[in-house]
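**Student:** Please model the complete structure; the sequences and the hints are all you need to start from.
Take a look at the letters that make up each chain.
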Amino acid sequence: MINIKINGIPLSLEKPTNIIEAAAKVGVHVPHFCYHKELSIYAGCRICMVEVKGKPKLLPACATAVSDGMEIITESEKIAKSRRGVLELQLTHHPLDCPVCDKGGECSLQDYVFRYGADRSRFIEKKREIPVNYENPLIERNMERCVSCKRCVRICAEVQGDWVLSDMNRGSRVTMESFCGSEEECVHCGHCLSNCPVGAIQSRLTKNQVRPWFVEREAETVCPYCGDGCTLYLQSRENTILRALSDETYTKGSNRGSLCVRGRFGYDFPNNPERLKTPLIKKNGSFVEASWDEAISLVAERFGRIKSSAGPDAIGAVIGGRNTNEEAYLLQKFMRAAVGTNNIDNMARMGHINALTALEDAFGLGGMTNQIKDIAQSGAVLLIGNDAAAENPITGLAVKRAVFKKGAKLIVADAGKNSMSKHAALRLTYKPGTHGRLIEAMVNVIFDEGLQDKAVEEKNKVLFGRINVAYAHNTPEKAQETTGVPAEDIRKAARSFASAPAASIVFGKGVTASVCGYEDSLALADLSLITGNVGRSGGGVNPMAGKAGEQGACDMGALPDRLPGYRKVASDEDRKRLGSLWKTEIPKTAGLTVMEMLVAAAEGRVQALYVVGSDPAFELPDRKRTADALSKTKFLVVQDVFMSDTAALADVILPAATFAEKEGTFTNSERRVQRIRPAMKVLAGARPDGEIISLISGKMGRPMDWEPSLVMDKISVSTPIYAGITYDLLESGGVQWPYYEEMKSGTAILHSQGYDDRRAAKGEEIAAKVAAARSVKDDIKEGYPFFADIAVSLYHSGTTTRKSKGPNLVVGGPFAALNPADAKGLGIGEGDTVKVRSRSGFLRLPAKLDAGVPQGIVHIPNHFLGAGCNVLTEVILDPVNKVPEARYWPVSIEPEGR
Amino acid sequence: MKAIEKFIKTITFWEILKGLKLTFSTMLTKPVTRLYPIERPVIPPVFRGLHAMRRHPDGSEMCIACGLCAAYCPTGCIKIKTSEGPDHKKKLDTYEIELLKCLFCGYCVEACPVRALTMTQEYELADYSKEKLVYTREKLLANGERYRGKETHLD
Ligand code: SF4
Ligand code: SF4
Ligand code: SF4
Ligand code: SF4
Ligand code: SF4
Ligand code: FES
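These protein sequence lines are chains A and B, in that order. Under numbering that gives the first Met the number 0, the residues of the first sequence are numbered 0 to 897, in order. Under numbering that gives the first Met the number 0, the residues of the second sequence are numbered 0 to 154, in order.
These aren't lab readings, by the way, just hints derived from the structure by calculation. Just so it is clear, CB atoms sit at the ideal spot from N, CA and C, and this is done for glycine as well. One or more of the hints may lead you astray.
[Said to hold, decoys possible] Some chain A residues well away from chain B (every beta-carbon gap over 10 Å; in silico): (1) Lys56; (2) Val99; (3) Glu247; (4) Ser717; (5) Arg843.
[As the list claims (entries may be wrong)] Straight-line C-alpha distance at most 16 Å; calculated EDC-like pairs for lysine to aspartate or glutamate: (6) B:Lys88 <-> A:Asp96; (7) A:Lys56 <-> A:Glu74; (8) B:Lys78 <-> A:Glu215; (9) A:Lys24 <-> A:Glu13; (10) A:Lys421 <-> A:Glu50; (11) A:Lys77 <-> A:Glu50; (12) A:Lys102 <-> B:Glu83; (13) A:Lys206 <-> B:Glu83; (14) A:Lys276 <-> A:Glu293; (15) A:Lys631 <-> A:Glu602; (16) A:Lys567 <-> B:Glu109; (17) B:Lys80 <-> A:Glu74; (18) A:Lys477 <-> A:Asp447; (19) A:Lys80 <-> A:Asp118; (20) A:Lys421 <-> A:Asp161; (21) A:Lys587 <-> A:Asp627; (22) B:Lys78 <-> B:Glu130; (23) A:Lys4 <-> A:Glu20; (24) A:Lys804 <-> B:Glu83; (25) B:Lys80 <-> A:Glu215; (26) A:Lys206 <-> B:Glu130; (27) B:Lys78 <-> A:Glu602; (28) A:Lys587 <-> A:Asp573.
**Tutor:** As C-alpha cells, this is what we get:
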C-alpha cells in the first residue's frame, strides 16, 4: 500500500504509478502535453511540474512515481509561475490563431493559457513560418501550432507500429514530419491526430467545419465495418454526422481508444445523397417509387402466395454482415415462424462459419477462444491467412503490442501480401490453398521433437495420440514440396510457437474461405491444443470476423441448420424448446445455405429470395451464375441502404437505415456484445431493418415486436449463450458471451475450465467430412500461372465505404498489385493496364508494383463496382459448410500497355 | 392636535388636492410621451438593436467564420455553417440569427474577435412570419452597409 496526499486529499494505491495518474484518481487534473498513458514517458514539455513536500525543486508529475508518504501540491503560486513560464516560451512561436483553428474549444494549450493567464509572451522573436503540410489526403499537419510534445511520433511508433513520423530539426525549429518526407507508410489510422493535444494535426475531412459547440448529439456506438467491433463516438448536427471520435479515456471496448482508417474516416455514408429513400417496385423492367404500405403489402402477398403454391421451402432469406443481432434474430424468426422454413443464411458463409463450426467440434463452443486485447499477452503469435493490419486492424495492433511490449515471436504465414510481415520474426509464404499442410507439418514437428505440453497431454492422452497419428504423415519435408515453405522454416516456426509460454493463433479468410476451411481450422485448434494454449491467457485460437455483424448473425441462428445459440435444427429437443417459446412448430428439415439457395433459385425450386443488407451479386463467386440465379428468382426482395448490383435485379427494394440511425447490438469476433446507438434520426423515407421485417411478418399474420431492447430480452431467453444479456447490462459497456448471471461477468477466455472434444464423440461423422474436404481437387490451374488474391483493403469494406468520402480519398479505385519481379518478367510498369484473366472471365485493372506481394500472386482489393473479382471465380464448395472457395483463384496476367 | 389636523384634511379632500397638484402642474409642462411612430426617438450609439455584419473598406466580409459568437450566445440562436474554402481558408457558408430567440444581450458582439459583428440602432423588427425573423448573412450584411461609417455599438 502506498499512502499519499494530493492537495491534502489522502489516497491509497495498490500499485505504484506516476503523479498525473494518481492525481486523476482523486479528480485532480495536472496539466500535461507530452504525457499520455498509452505511451512511454518523455517528460519534455515541463508543464506538469508539481511541488512535493521535502523536495526543494518542482518535479515533473509525469515522470515522478509516487512513493509512500508523499505529499503533493499540484497548484500553488510557485507552480503557476513555472507553468506560465513554460506557456510563454510556447507562445513565443505559437500563432494563437484559435478563432480559425479547428482545435479551438478543445485544445490543451488554449485551456492552460486561459487557466494561467499567460496570454502573451514576453519573448519577442519572429514567429515561425512553416507551410501547412497537405501531403496526406486525410490528415493535415500545421507545425506552427506544434508544442513539440512528440505524442504523435510516439503513438505512431509505439501503438500503431508504423514509425511514420519523427522529429526533424532542432531546438525551436523542431517539426514533426514523416520520416523520409514521404507519407507512403502512413496507414491513415489517425492516431496522431486524436493524440495531438493542440491543433497541429487535424483531420482534413472535418477541416473548418466542426466546432465542439456545433455538436447537437453524441452517440457511443460501434464501428460498422470489421469484426473487431471498435467503440466509436459519432457526433452529429441537424441529422448530419459531423465526425467520428475515438474513446479519449483509452479504456473502452476491444479497441481501447484506437481506431483504423475505416472507423475514423468512413463515417459519412449515412448522409450520402445516394441513399435509398423510398421503396421501389419494379414494374415493366424499371423501378417505380412506391409507398411503404404498397411495398410491404406486395411483399407479404407474394411471399404468402408462393408459400401456399410452392410450399414454405420455396422462400429463402440471406442477411449480411452489416445488420445487428436483433435484426438477424428477427429475420430468422420471421423465416422459421412466419414463413415456416429453415432457408435462412448469412454472409459468414463466405468463410467465418468454417472457423466457428470447427472450434465448436474441437472444444464444444464455436467462437474466438480469447479476446483481442489478450493477444497482446502472447509470447508467440501465429498469424495465418489474415492480414491483420488491413482486415482487422485493431487485432493487428494487439499483435504488434505483443511483439513490441512482450517481445513476442510473430510468425506470419500467408500466401499473399501481408502488411504484418514487417513485424514478423518469421514469414512463411505458402502456395495458395496449402496452409493446411503447413499447419499439419507444424503439429508434426511438435510431436516429433517432443515439444507438446506435457501436463495437458497427461490429461488428454487419447486425444493427443489421435492427433499425433492424424498428422504423422505430413513431415516438414513433405510439406515443403506442397507448400513451398522451406522445411527448416516450418521447424523454426513450430519451435517458437511451442516454446512460448503462451502462443496465440490469429486467422481469417485466408484459411476459412477455402474448400478446406473447416478442416484447416480444426488443424489450428489441434495445434493450439497440443501446445496447451487452449484456455490460457495469451493463447487460444482466434478467428477474425470480416464484418461487424457476421459473428452475431451466426449466434442468432441466421443459419439453415442452426437455431439461435447454435442449437441444432436436427435436434428434436432444441426445436421443441424454441417452438414452445415461439408457440409454433419449427420446421424439421435443415434449410439451404446461400450457395444452395442460388442453385435452387436457378432451378426454380426457390421462388422468392429476401436479401437483407448484403450484395450477393457482388460478393458471391461466379458473377454470371449468381446474377443469373438472382434474375431467375421469381420474386427478389432487397433491403439495403444503397443501390447495389443485387438491388438492381430486385422486384422490390426496401430502403433501410444505417448503423448511425438505429439501436441494436453487434457481436464482434471476440464474442463481445455491444450496443450501437443512433446519432441521427432515421433518414426520411427509410426504416430500420427490424421494423421492416416485423411489418412484413405482421402482414403475414405473425406480428413481432421489433423494438431492439425488447428483441434483446427475447434473445436472452431463447439463445442460451446470450442468457442474462439485456440493454441495461450493456449500457456501461459490452459483455462477452457466455454471460454468467451469478458472477455478473462475461467470459474473456473460453475453455479455461477444460473443453468438450466433440470429435471424439462423433469421430466418424467428422472424419468423413474431413475426408470429403480433402477430396475436392483443384484442376483449374492449368494455363493460369498466377493466383489472384481476392483481398480486403484496409481502406474499404464494400457497399458502405464506397459511399464514404474519406477512404476513397486514399484508395478510390481498383488495382492489381504485383511483385516487381513478376511485373518485370511480364514487361509491366506501374500504372499500366493489365488484363487479369481466369477460366471464366477477366478484369482490366491498373497495375501497381508492390514488393510486399509474393511472386506468383496478384493482389486485387475486391470492393469496387465494375471490378468485382467474382467475374474471375467459379463455385467450388467446401463439403462441410458449403463455403465457396473465394480467396485465391488461378489467373493469368496479360499486359495491355498504358 | 392630531385629530383636528386629520379632520380638516378630511373635509377639504386634502389628499386629492395633493394628487391633483401634480396633474395640474404637469398640464402646464411639455409632454414627455412621444407620438410614436410620427415622432421618433433619438437612439444612442450604444443601443443594442438589430445585429449587423460588417465589411472591410475593400468590401470583403470581416467575419472569419470562427463561430465564437454562436458559442457565446446564451440562447443558442446563432447558427453558423463553415467549410474549407479556396487555399484551405475557412469559409463562411451560412450565418443565421433567429431573432425571436435573441435576448439582445450583445454577448455575440463581445465574443467576436475581429469586430465583424456589431449591433445597430434598428429596433423595429416585428414581422408577419417566424421565418422572416431568421436573419441571414445577406440581411445582416445589408444592415451593416446601412450603418457603414456611422457610429454603432462597437465604436
Ligand atoms: S492549437 Fe490551440 S492554442 Fe493553438 S491556435 Fe489552435 S486552438 Fe489556439
Ligand atoms: S495516421 Fe497513423 S500511421 Fe499515419 S502518421 Fe498518423 S499515426 Fe502514423
Ligand atoms: S504535432 Fe501535436 S502531437 Fe505531435 S509533437 Fe506537435 S503538438 Fe505534439
Ligand atoms: S474497421 Fe474494424 S478495426 Fe477499423 S475501426 Fe472499424 S471495427 Fe475497428
Ligand atoms: S464571432 Fe465574429 S468572426 Fe466569429 S463567426 Fe461570429 S461574427 Fe464571424
Ligand atoms: S507532461 Fe510531464 S513533462 Fe510533459
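**Student:** Compare the structure with each hint and give your call.
**Tutor:** Consistency of the hints with the structure:
{"no.": "1", "hint": "Lys56", "verdict": "39 Å, holds"}
{"no.": "2", "hint": "Val99", "verdict": "5 Å, violated"}
{"no.": "3", "hint": "Glu247", "verdict": "20 Å, holds"}
{"no.": "4", "hint": "Ser717", "verdict": "46 Å, holds"}
{"no.": "5", "hint": "Arg843", "verdict": "35 Å, holds"}
{"no.": "6", "hint": "B:Lys88 <-> A:Asp96", "verdict": "12 Å, holds"}
{"no.": "7", "hint": "A:Lys56 <-> A:Glu74", "verdict": "14 Å, holds"}
{"no.": "8", "hint": "B:Lys78 <-> A:Glu215", "verdict": "12 Å, holds"}
{"no.": "9", "hint": "A:Lys24 <-> A:Glu13", "verdict": "12 Å, holds"}
{"no.": "10", "hint": "A:Lys421 <-> A:Glu50", "verdict": "45 Å, violated"}
{"no.": "11", "hint": "A:Lys77 <-> A:Glu50", "verdict": "9 Å, holds"}
{"no.": "12", "hint": "A:Lys102 <-> B:Glu83", "verdict": "15 Å, holds"}
{"no.": "13", "hint": "A:Lys206 <-> B:Glu83", "verdict": "6 Å, holds"}
{"no.": "14", "hint": "A:Lys276 <-> A:Glu293", "verdict": "15 Å, holds"}
{"no.": "15", "hint": "A:Lys631 <-> A:Glu602", "verdict": "8 Å, holds"}
{"no.": "16", "hint": "A:Lys567 <-> B:Glu109", "verdict": "70 Å, violated"}
{"no.": "17", "hint": "B:Lys80 <-> A:Glu74", "verdict": "39 Å, violated"}
{"no.": "18", "hint": "A:Lys477 <-> A:Asp447", "verdict": "14 Å, holds"}
{"no.": "19", "hint": "A:Lys80 <-> A:Asp118", "verdict": "13 Å, holds"}
{"no.": "20", "hint": "A:Lys421 <-> A:Asp161", "verdict": "10 Å, holds"}
{"no.": "21", "hint": "A:Lys587 <-> A:Asp627", "verdict": "30 Å, violated"}
{"no.": "22", "hint": "B:Lys78 <-> B:Glu130", "verdict": "14 Å, holds"}
{"no.": "23", "hint": "A:Lys4 <-> A:Glu20", "verdict": "13 Å, holds"}
{"no.": "24", "hint": "A:Lys804 <-> B:Glu83", "verdict": "15 Å, holds"}
{"no.": "25", "hint": "B:Lys80 <-> A:Glu215", "verdict": "14 Å, holds"}
{"no.": "26", "hint": "A:Lys206 <-> B:Glu130", "verdict": "30 Å, violated"}
{"no.": "27", "hint": "B:Lys78 <-> A:Glu602", "verdict": "59 Å, violated"}
{"no.": "28", "hint": "A:Lys587 <-> A:Asp573", "verdict": "11 Å, holds"}
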